[in-house]
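The sequence shown: position 428 = 428 (the UniProt record's numbering), numbered continuously.
The set of hints was computed from the structure by calculation and includes no laboratory data. A few of these clues could be false.
[Said to hold, decoys possible] Using 20 Å as the maximum straight-line C-alpha spacing, the simulated EDC-like pairs for lysine to aspartate or glutamate come out as follows:
hint, residue 1, residue 2
1, Lys358, Glu511
2, Lys524, Glu97
3, Lys161, Glu185
4, Lys116, Glu511
5, Lys145, Glu194
6, Lys226, Asp100
7, Lys524, Asp346
8, Lys145, Glu193
9, Lys136, Asp190
10, Lys116, Glu76
11, Lys437, Glu451
12, Lys416, Asp346
13, Lys116, Glu69
14, Lys507, Asp355
15, Lys349, Asp112
16, Lys72, Asp107
17, Lys136, Glu76
18, Lys145, Glu185
[Claimed, not checked] Here are the computed distance ranges between Cβ atoms for each label pair:
hint, residue 1, residue 2, range
19, Leu85, Arg414, 47 to 57 Å
20, Lys179, Lys72, 53 to 63 Å
21, Ala70, Asp100, 19 to 29 Å
22, Glu451, Asn430, 13 to 23 Å
Nothing here was measured: the structure is a model prediction, and the numbers come from that model. Ideal placement from N, C-alpha and C gives every residue a C-beta, glycine not left out.
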Amino acid sequence: MAEISKGVNPGKLASNVQKRISRVQEKMMQKLGKSDETKDIAFEEGVVNFNKQMAEGIKLQRDLRAYLEAVKTMHECSKQLQSCLEDIYEPDWVGKEEMDVITEETDVLWGDFHQKLVDSALISMDAYMAKFPEIKARIAKRDRKLVDFDSARHHFASIQKSKKKDEAKLAKAEEELGKAQKVFEEISCDLQEELPSLWNSRVGIYVTTFQSLAGMGEKFHKEMCKLNHNLCDIITKLVEEQQTIEVAANHNVPAESESDETKPASKGRKKRVEKPRCKITARELRKVKRAAAKMPLATSLAIFQSCNITGVPKSTRCAILRDMAKVRKAESRPPLNKTHKLKCQDWAKKYLKTDFSKVLWTDEMRVSLDGPDGWARGWIDELVGPFRVEDGVKLNSQSYCQFLEDTFFKQWYRKKSASFKKNMIFMQDNAPSHTSKYSTAWLARKGIKEENLMIWPPCSPDLNPIENLWSIIKCAIYKEGKQYTSLNSVWEAVVAAARNVDGEQIKTLTESMDGRLLSVLAKKGGYIGH
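My request is simple: use the sequences and hints to build the entire structure.
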């Protein structure tokens, strides 16, 4: 006799063996048609749907993993290709620094794309597929309990039909039938509720998965397109430099020199005709200087057109304006130390997976009668505001909160739904009136608590997309050197310019945040040039 393993109850082992024998016998009798089988057509249809759904899910999960593996492989190949380009690109070639930045940004962009695919698509698919093994095991258990129920039912019926009735056996058979029926019905009832629900959930998971893939793919390719465009520009500049295409940007009137036509031609050679150089006269140069001083925010084309100077290539116009940079407005860029850069990197990592369409961007702009100076304030999301800070009002914590109460909260925020307020992220910079204990506590009482406040890194105006919005508005209100006679007139111009901002421009600025964060990480917290 085989030795029974230690810790196994012999009685229980014998009972399990007997159950298996009874199930085999019952199945054989049902196949031979000597006993009937309990049928549940609705449940069987649910099982068919379950098996189909599981097969589709397994295939989708496998294909999704293959796609992620392909993205990972593309990342490695891209990294090797960029590394090769970085190695062969000579240090003294034009755009070497920009080339290094593009290489870093490309690497970060690929890595972020792969990680987002894993987080939003693969993890949710794995969680969805994790339900199937447990339900499959319960379906198999239900099938076994169905056989037990049929066996107990037939056993009870045979005892009832026997001529010699044993009341003890009949009672025991009835008790076993009741137990088998109870176990079977409990399992069946749970599965009958879960299987239709699981079947209906497949649409949601498919939609979520492919929406995530499409959305992230669109953002990735848009950012990659920008990097490729920048790379193409650098290569084009390199070609121009290597071919020694000389674009004259000499804005001084040259002394008369002997022309090629007055020089005797060499015998046996054809006279080489020089390409005419594009120059501007001293008088035109003075016009450009005056126009640039009046329109510091205008494009080079607008400045030259205002002086009635045409036919000058863009590269020449830019070179001339660079040489007279002292008359153009210098960009305000506070210096970044090591601590600032580390904080910028930490901020970028923290908000890398944020949905920036839910962020309410805020900033302030100065405007005056004859150029960008004075005060105004505004918000961007669906372009809320701008709101005006009256002349002579100095913003401290109390006046800042009162300003928010009178404008932002009364005119816009209180009309929003509770779900919108719960998901909204309020961004403000690190001005003392914004970050004081008084202002923070006041915002918390208004429902904008710590988790809904975006902590802004120091000395980083280039990260705020509303700065670009202000630039658009400034260009509109001071177009062609326009000046104003009163503060009310300039404020009306600000409001009109804000109302004319295209919704696509706001959407583009919001969508640019993913690229800005990647650029911050690629430049190790330095300025990104937006």
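Verification of the supplied hints:
For the given pair, Lys358 sits about 11 Å from Glu511 by alpha-carbon distance, which is consistent with the 20 Å threshold. Taken as a hint, the Lys524 and Glu97 pair is honoured in the structure, with Cα atoms around 14 Å apart against an allowance of 20 Å. Of the pairs offered as hints, the one joining Lys161 and Glu185 is violated, with about 26 Å between alpha carbons and a cut-off of 20 Å exceeded. With a CA separation close to 16 Å, the supplied pair Lys116 and Glu511 stays within the 20 Å bound.
Simply put, Lys145 and Glu194 have alpha-carbon atoms about 18 Å apart, close enough for the 20 Å limit, and the pair holds. About 15 Å separates the Cα atoms of Lys226 and Asp100, which keeps this hinted pair within 20 Å; it holds. Using a Cα cut-off of 20 Å, the hinted pair Lys524 and Asp346 holds, with the two alpha carbons roughly 10 Å apart. A hinted pair counts as satisfied when its Cα atoms are at most 20 Å apart, and Lys145 with Glu193 qualifies at roughly 18 Å.
In summary, the hint linking Lys136 to Asp190 is supported, as the alpha carbons are separated by about 13 Å, within the 20 Å threshold. For the suggested pair Lys116 and Glu76, the alpha carbons sit about 17 Å apart, so the restraint of at most 20 Å is met. For the suggested pair Lys437 and Glu451, the alpha carbons sit about 16 Å apart, so the restraint of at most 20 Å is met. Of the pairs offered as hints, the one joining Lys416 and Asp346 is violated, with about 32 Å between alpha carbons and a cut-off of 20 Å exceeded.
With a CA separation close to 14 Å, the supplied pair Lys116 and Glu69 stays within the 20 Å bound. Restraint check: the Cα-Cα separation between Lys507 and Asp355 comes to about 12 Å, which is no more than 20 Å; the hinted pair holds. For the suggested pair Lys349 and Asp112, the alpha carbons sit about 11 Å apart, so the restraint of at most 20 Å is met. At most 20 Å may separate the alpha-carbon atoms for a hinted pair to count; Lys72 and Asp107 meet this at roughly 11 Å.
Taken as a hint, the Lys136 and Glu76 pair is broken in the structure, with Cα atoms around 39 Å apart against an allowance of 20 Å. Distance hint between Lys145 and Glu185 is fulfilled; the C-alpha atoms sit about 9 Å from each other, no more than 20 Å. Evaluation of the 47 to 57 Å hint for Leu85 and Arg414 yields a pass: the beta carbon distance comes to about 55 Å. Between Lys179 and Lys72 the beta carbon distance is about 54 Å. The supplied range of 53 to 63 Å therefore holds.
Ala70 and Asp100 have their C-beta atoms about 27 Å apart, which keeps the hinted 19 to 29 Å range intact. Roughly 18 Å separates the CB atoms of Glu451 and Asn430, a value that falls within the hinted 13 to 23 Å.
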